[in-house]
Amino acid sequence: TRQCLSSGINAEYGGFVNTRSELTARHPLEQSEALYDFNQQKIRLGMANKITGSALPLTIQAERACAARIGRLPGLRSSRLHFEVFAGTDETITIEDVFDTPSPWDEEPQYTRCNNTA
Amino acid sequence: NSTKNQSSGINAEYGGVVLGADTRATGGSIVCDLNCEKIHYIADNVYCCGAGTAADTEFTTKMISSKMELLKLRTGREGRVISALRMLKQYLFRYQGHISAALVLGGVDVNGPALYTVYPHGSTDKLPYVTMGSGSLAAMSVFEDGFKMGMNEEEAKNLVFHAIRAGIVNDLGSGSNVDITVIRKGNVEVFRPYQVVCKKSERAGDYTFPVGTTVVTSSTEMVPFSALTVTDEEVMEIS
Chain F
1235 TRQCLSSGIN
1245 AEYGGFVNTR
1255 SELTARHPLE
1265 QSEALYDFNQ
1275 QKIRLGMANK
1285 ITGSALPLTI
1295 QAERACAARI
1305 GRLPGLRSSR
1315 LHFEVFAGTD
1325 ETITIEDVFD
1335 TPSPWDEEPQ
1345 YTRCNNTA
Chain A
178 NSTKNQSSGI
188 NAEYGGVVLG
198 ADTRATGGSI
208 VCDLNCEKIH
218 YIADNVYCCG
228 AGTAADTEFT
238 TKMISSKMEL
248 LKLRTGREGR
258 VISALRMLKQ
268 YLFRYQGHIS
278 AALVLGGVDV
288 NGPALYTVYP
298 HGSTDKLPYV
308 TMGSGSLAAM
318 SVFEDGFKMG
328 MNEEEAKNLV
338 FHAIRAGIVN
348 DLGSGSNVDI
358 TVIRKGNVEV
368 FRPYQVVCKK
378 SERAGDYTFP
388 VGTTVVTSST
398 EMVPFSALTV
408 TDEEVMEIS
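Line order of the protein sequences matches chains F and A.
Quick note: the first sequence uses my numbering, first residue 1235, plus one each step.
Quick note: the second sequence uses my numbering, first residue 178, plus one each step.
Mixed in with the good hints, there may be bad ones.
Sample of chain F residues at the chain A side, in silico, Cβ under 10 Å [as the list claims (entries may be wrong)]:
#	residue
1	SER1266
2	GLU1267
3	MET1281
4	ILE1285
5	THR1328
6	ILE1329
Worth flagging that the hints you see were computed from the coordinates, not collected in a lab.
Just so it is clear, CB atoms sit at the ideal spot from N, CA and C, and this is done for glycine as well.
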């Protein structure tokens, strides 16, 4: 899910304020969906840690963290293939590939997903 | 405004799987679709009946069908029913029952015929005969009476037909035709419809007005479009 900054600078709060989370009622799945990738990763690497030891999960996490930072200049779209291989989304189709994809008619530059959990 | 898709998704197992469903889709107490397709394609050897919200079952089965195809391309092997089952189960559990899709999954793979039921919260059962949807009680009663292990294809089709028919006749959420899909090792046969149980009745009264009912006070001749000539063209940019 995209955590968008949806209001302007507010002097009282001393910076940007995310008004959406404070005022509207949240969907019961909003929290679990925002943390879904992170939790799945945690479960899998935790299992690997218990079964095979810490070497494998640590190297995977390190390489995944590097892959998350590979990209083009700020504002340019990137396929993020290296990261997708670690996320496992290169060989499957998920809901993010179907719903709420950037429209080809968007004029502003298309950013990668803000939720960069490495 | 969700269209509730209440199907008597019924299946019997012999050397293959017979899936059956009715064809009524309702929105509240109104019939939205007289002849909708409730038996969805997942893979060449795996089909899925869907009960619950029509959009949810449609989209979920399409999603899992795509995943199965990608998996088939990845492994180079024919898909298995348990793969589809696990994908469905994990997908539905992720959304904690908010996706209202009660599915009956059936197919034949290297491990033989398999029949599963998947509930909206993600729980599954592996059984020789299953029913889902609003007409499931009527259909299950027919199954409980008539099912025996080792039926041949004709007996299985007949039993599934009677079970769906019981749902159509006794349950308001089910109606119209009986669709049956027979999945055998190597091929699939789709009967759509297997039998028409309820046809929409003919309209009893005639509501057409005879010519001359409305008095015409004056009339002007309509100019045909071909008679018009283009005098000026201007290209405008869409801003």
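Which hint numbers doesn't this structure obey? Numbers 3, 4, in rising order.
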